[in-house]
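**Q** These are the residues of each chain, in order.
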Amino acid sequence: DSGVTQTPKHLITATGQRVTLRCSPRSGDLSVYWYQQSLDQGLQFLIQYYNGEERAKGNILERFSAQQFPDLHSELNLSSLELGDSALYFCASSVVEGAALGGYTFGSGTRLTVV
Amino acid sequence: AQSVTQPDIHITVSEGASLELRCNYSYGATPYLFWYVQSPGQGLQLLLKYFSGDTLVQGIKGFEAEFKRSQSSFNLRKPSVHWSDAAEYFCAVGPGYSTLTFGKGTMLLVSP
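Sequence lines, in order, name chains E and H.
Take the first sequence: its letter number 92 is residue 92 in the working numbering, and every next letter is one higher.
Counting from 1 along the second sequence, just add 1000 to a position and that's the residue number in the working numbering.
Careful: at least some of the hints might be erroneous.
[What the hints assert, rightly or not] In the BS3-like style, the derived pairs of lysine-lysine whose C-alpha atoms are separated by at most 30 Å in a straight line are:
1. H:Lys1049 x H:Lys1104
2. E:Lys57 x H:Lys1049
3. H:Lys1104 x E:Lys9
4. E:Lys57 x E:Lys9
5. E:Lys9 x H:Lys1061
6. E:Lys9 x H:Lys1049
7. H:Lys1061 x H:Lys1104
8. H:Lys1061 x E:Lys57
For the record, the hints were derived by calculation from the structure and aren't laboratory data.
For reference, chain E alone in the conformation it holds in the complex:
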């Protein structure tokens, strides 16, 4: 157990629907990162939060949004889902902003299947 908790582990939904993925960072970590992993694109950075504030955006679609709450858990919202959104979504956390103090700690991911 890495200490980063992601729920749900699996999600199957239909095109056009909206889903919410949840991440609880490791205790003491202030920064949360969301990554999308697909066979063709590999691990793509989506968005980063630090202590409740958005810090960096990567290849995140406008249909996707995220937030980090006061208790530091984060949610990734995916709307108007398309077949191509099917992927493994990872959350990672770190103590500080960035990997300087030892890299990221990853959760076990949420596998999203859009049918």
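Take the given structure of chain E and dock chain H to it, following the hints.
**A** Structure of chain H alone, referenced to chain E:
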């Protein structure tokens, strides 16, 4: 912009043989470099990291990596591979204060 290239998509190694996984990076300053391993159905686990100092770094599970600035490389090595090492390996690069960029991974297959 930073980038990582892992030239080998798949590598097959016999159990007990040595292993080297290649990683080349592009980054404008001294990078923070990482190797992660992902077993099927699992998240990514940190194997080792390089920030500064000794260019040969030791990690968990008997892995080591060598930073070569002149070649922009950070190759992962293990002297004797075990069947349990079969997994996907990711190299990552970034500044210490911001997000990491990952390579597309190398799948390691271990043959008996």
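**Q** If a hint holds in the structure, say so; if it doesn't, say that too.
**A** Results of checking the hints against the structure:
Our distance criterion of 30 Å between C-alpha atoms is met by Lys1049 (chain H) and Lys1104 (chain H), whose separation comes to about 18 Å. For the given pair, Lys57 (chain E) sits about 24 Å from Lys1049 (chain H) by alpha-carbon distance, which is consistent with the 30 Å threshold. For the given pair, Lys1104 (chain H) sits about 23 Å from Lys9 (chain E) by alpha-carbon distance, which is consistent with the 30 Å threshold. For the proposed pair Lys57 (chain E) and Lys9 (chain E), the alpha carbon gap of about 24 Å is at most 30 Å, so the pair holds.
For the hint pairing Lys9 (chain E) with Lys1061 (chain H), the CA-to-CA distance comes to about 27 Å; that is within 30 Å, so the pair holds. Taking the CA atoms of Lys9 (chain E) and Lys1049 (chain H), the gap is near 28 Å; set against the 30 Å cutoff, the hint holds. The hinted pair formed by Lys1061 (chain H) and Lys1104 (chain H) meets the criterion: a straight-line CA distance of about 22 Å does not exceed 30 Å. Between Lys1061 (chain H) and Lys57 (chain E) the CA atoms are separated by roughly 34 Å; this puts the pair beyond 30 Å, and the hint is violated.
The structure fails to meet hint 8 from the earlier list, while all remaining hints are met.
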